[in-house]
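Student: For the protein sequence lines, the chains are X and U, in the order given. Number 194 in the numbering used here belongs to position 194 of the first sequence; there are no gaps in the numbering. Number 1029 in the numbering used here belongs to position 29 of the second sequence; there are no gaps in the numbering.
Please note: incorrect hints may appear among the correct ones.
[Said to hold, decoys possible] DSS-like mimics (lysine-lysine), calculated; alpha carbons at most 30 Å apart, straight line:
#: 1; chain 1: X; residue 1: 162; chain 2: X; residue 2: 147
#: 2; chain 1: X; residue 1: 383; chain 2: U; residue 2: 1082
#: 3; chain 1: U; residue 1: 1142; chain 2: X; residue 2: 107
#: 4; chain 1: X; residue 1: 25; chain 2: U; residue 2: 1114
#: 5; chain 1: X; residue 1: 175; chain 2: X; residue 2: 147
#: 6; chain 1: U; residue 1: 1082; chain 2: X; residue 2: 114
#: 7; chain 1: X; residue 1: 30; chain 2: U; residue 2: 1067
[As the list claims (entries may be wrong)] Computed footprint of chain X on chain U; a stretch qualifies when at least three of its residues, placed anywhere within it, have a C-beta under 8 Å from a C-beta of chain X:
#: 8; segment: 1081 to 1091
#: 9; segment: 1255 to 1261
It is worth saying that the hints were derived from the structure and are not from the lab. For each residue, glycine too, the CB sits at the ideal point set by N, CA and C.
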Amino acid sequence: MSSETKQILTTDGIPLEVSLKKAEKKNKIKAFLLVAPLLFFLVITYIFPIGEMFTRSVDDRMVTNMLPKTFKAMEKWDNLNELPPEEVYRGFYEDYKLLAENQQHGKLGQRLNKEKNGFNTITKKLFRQIKRKKIDENASLKEQINKLHKRWRNVEYWQAIKRTAPPYTASKYLKGMDMYFAADGSIAQVEEDRRIHRILWLRTLEIAFFVTLFCFLMGYPIAHLLATLPMKYSNLLMICVLLPFWTSLLVRTASWMILLQQQGLVNDFFVMIGLVADDNRPEMMYNKVGTYVAMTQILLPFMVLPLYSVMKTISPSLMRAGKSLGGTPFVAFWKVYFPLTIPGIGAGCLLVFILAIGYYITPALVGGASGTLISNQIAFHMKTTLDWSFASAMGLMLLTGVLVIYWIYNKLVGVDNIKLG
Amino acid sequence: MALPSYTETRYRIWHYIYIAICTFVFFFLIAPLFVIFPLSFNAEEFLVFSEGMKNLDPDAFSLRWYKDMIYGTKNPWGLAAKNSFIIAIFATIGSIILGTLAALGLSSRHMPYKGLIMATLISPMIVPLIISGVAIFFFMAKAGLAATHTGIVLAHIILGTPFVVITVTATLSGFDHSVTRAAASLGSNPVNTFMKITLPLILPGVISGGLFAFVTSFDEVVVVLFLAGLENTTIPIQMWTGLREQLSPTILAVATCLILLSTLILVSAELLRRRSERLRGINR
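Generate coordinates for the entire structure from the input sequences, incorporating the hints supplied.
Tutor: Written as structure tokens, this is what we have:
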């Protein structure tokens, strides 16, 4: 019977289902067209460049492009524990000669020297021989080059060249974790006293964690107070949270620099109450203390606002019910009120943690040497050492961490639930 | 917060501890801002309260740092302020246009891949600024826009749009779509409907998002440090340089002006929020 059911037609004579689908599609396209300008703008100016950071961080094509013949010949080099065959020497000689003609040989020497110490010396030696035309191209190049320096007879140097063959490398990422590719291609650890990056990662996590904890401990009581006070009082107190929130980050950092300096008000206060001696004022800036204090104050509003918006929705009668059913105020709070605020705690903590982990300005100004974070290291490599590929690699490692938290945040809270002000 | 008379002593004590903690936290939040005011009127060039200031001696106070800020020889603040305002205004306009359009699309229930697109549009707010700075710098350098106003404005549009998207989407969540349908049924075209019906209703959200975008641009230093040349110096860059090299009272005079500006913005944002809630029928 169902096959005989008459299809519902619109006034134009088209089946309703088709017509509805068409309208649906049209609406979809309309909605997408509204989003499209921003989406394309962001993809071109922002998302692609982040992708470019990735290619930059793994790009190692320099040597690959400089020694094409060598690497071609190396494909026939079977026993890697013996010196390569004559073809490899010839390929390397021809590549190097071409580089020398174009004044590019220095770059190659430096790059290979990074791979294996002592390379620069022996490539320079080869360069001088080529310049003086001392090398007979018709005789065996293997014998002539081997005679130049004993290192050319050491197979490890040839292995080092071979290691640079792939156009991509993960070495920058390893460097970011204080590791490197050893001579035999395995991954090795940097000596213990030179593991600077690991210290920085751990410190970044530690500071982000404790700043989040402090923000929670300080933010929870005041969010509770703001949510339970009558509107006319809480509005006034809310200004204490919102004014710092709207004030320039640099202004707030500047005020902490004034407060925390050795002759500053905080130290004055400590001297006044007799906590420290006047001639023995503690250094509170340019170390971790300064970073903790300033970052906690700066990020506190980001904890209070989500907590407040959740607490505002909790009816006060729930606490009264808890108490009337025989719970002490503490029990009623712990069993009734606190569990209801967990979404707000999650939102606030994740937000503060995400912001803290990538902080740059405040640690750079009040952190000193022991209070700087991974972001400062990235900026250092971007601006001072100009090792952009390493900065990109570190940035992407940080970004991965942040995106994982962002993903959790999105699952738990939903990005469209972020409350501002 | 008065306690009922039957409260036991230990809860009474606990309650006072709680009030004390809250007082301390509020003080911790707001007090640092007020240190700047008096010190910016310091007659001396040290950044500590002089004996004269502690005794409220009128001679210990002066406007010399404000004069220095405005008239000082070869001082950068005039150019920096001009640049900051130009960049922030254009960045705000750009953010408002792109962000509002996107929010309108995202609020439509027909929008495909809503979650993914929303997450992408908000990402500049979440990604650490230093990474945004590096990425945007790579793009602007390639596009030949490094050290130009255009480049900085575009960068600030990237950073500012998430705020507009969020606030406008929030305003639209309580939006009654039957009013636009009513307008359409009365023969209004979509553009007209938007200008006459939708926009006035979501305007508070748009403006408050715009305020966020303005403040973001006006206060932004990390990305600008990568992009700006000498000609594009902004107030945050000058403050950053000043704070790194030497803290001069002139910076405090500038900081005082910035605090006044942020107070102004806070008040407008609050008024807008209330108006928006009233318009959307949320009564509290």
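Student: Could you run down the list of hints and mark each one as holding or not?
Tutor: Against the structure, the hints come out as follows:
A C-alpha spacing of about 21 Å is found between residue 162 of chain X and residue 147 of chain X, which places the hinted pair at or below 30 Å, so the restraint holds. A hinted pair counts as satisfied when its Cα atoms are at most 30 Å apart, and residue 383 of chain X with residue 1082 of chain U qualifies at roughly 26 Å. Proposed proximity of residue 1142 of chain U and residue 107 of chain X is supported: the alpha carbons are some 24 Å apart, at most 30 Å. For a cut-off of 30 Å, the pair hint linking residue 25 of chain X to residue 1114 of chain U stands: about 15 Å separates their Cα positions.
This hinted pair does not check out: residue 175 of chain X and residue 147 of chain X have alpha carbons roughly 35 Å apart, beyond 30 Å. The straight-line distance between the Cα atoms of residue 1082 of chain U and residue 114 of chain X is roughly 48 Å, outside the 30 Å bound, and the hint therefore fails. Among the hinted pairs, residue 30 of chain X with residue 1067 of chain U is inconsistent with the structure: their alpha-carbon atoms are about 55 Å apart, more than 30 Å. Under the rule that three or more residues need a Cβ within less than 8 Å of chain X, the assignment of the segment 1081 to 1091 of chain U is violated, with 0 such residues.
Requiring three or more residues with a Cβ within less than 8 Å of a Cβ of chain X, the coverage given for the segment 1255 to 1261 of chain U holds, as 3 such residues are present.
Of the numbered hints stated above, those contradicted by the structure are hints 5, 6, 7, 8, listed in ascending order.
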